[in-house]
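Q: Quick note, our numbering runs 389 ahead of the 1-based positions in the sequence shown.
DSSO-like cross-link-like pairs, simulated, lysine-lysine; straight-line CA separation at most 27 Å: (1) Lys496 x Lys412; (2) Lys488 x Lys434; (3) Lys509 x Lys496; (4) Lys434 x Lys509; (5) Lys488 x Lys412; (6) Lys434 x Lys496; (7) Lys509 x Lys488; (8) Lys412 x Lys434; (9) Lys412 x Lys509.
Since the hints were derived computationally from the structure, they do not count as laboratory data.
None of these values were measured; they are calculated from a predicted model.
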Amino acid sequence: MDNENQSEVVPKKRESSTGLDPKVAALLCYVLGWVTGLIFLLMEKENRFVKFHAWQSIITFGGLTVLSLVANFIPILGQIISFLLFPISLVLWIVLMVKAYQEEWYKLPVAGDIAENQLK
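Using the sequences and the hints given, assemble the complete structure.
A: Here's what the structure looks like:
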């Protein structure tokens, strides 16, 4: 068979302006919570997928950080809230990193909508 006549249709992967594979960059948006989300939001210029995950990381983990700080000022109820926030944050952190690495536009109910609106 003539290999010149065979053309493979391979969609060109949209690169990240960070120089990383977009799915790796999206995963890294979540590694240190809102901090790495902010770093990647400032670094990424073009890739909407990475920017979406950066925004979602900032909104989600920034909100959880603020909630945890506020809860620490409430005597007994605050300690219970902080105790419950840790496993919720951990599960969210793992799920969001896995979904980002699988190249999914996984949208959390409130934070995902806000992040999506920031892309417009």
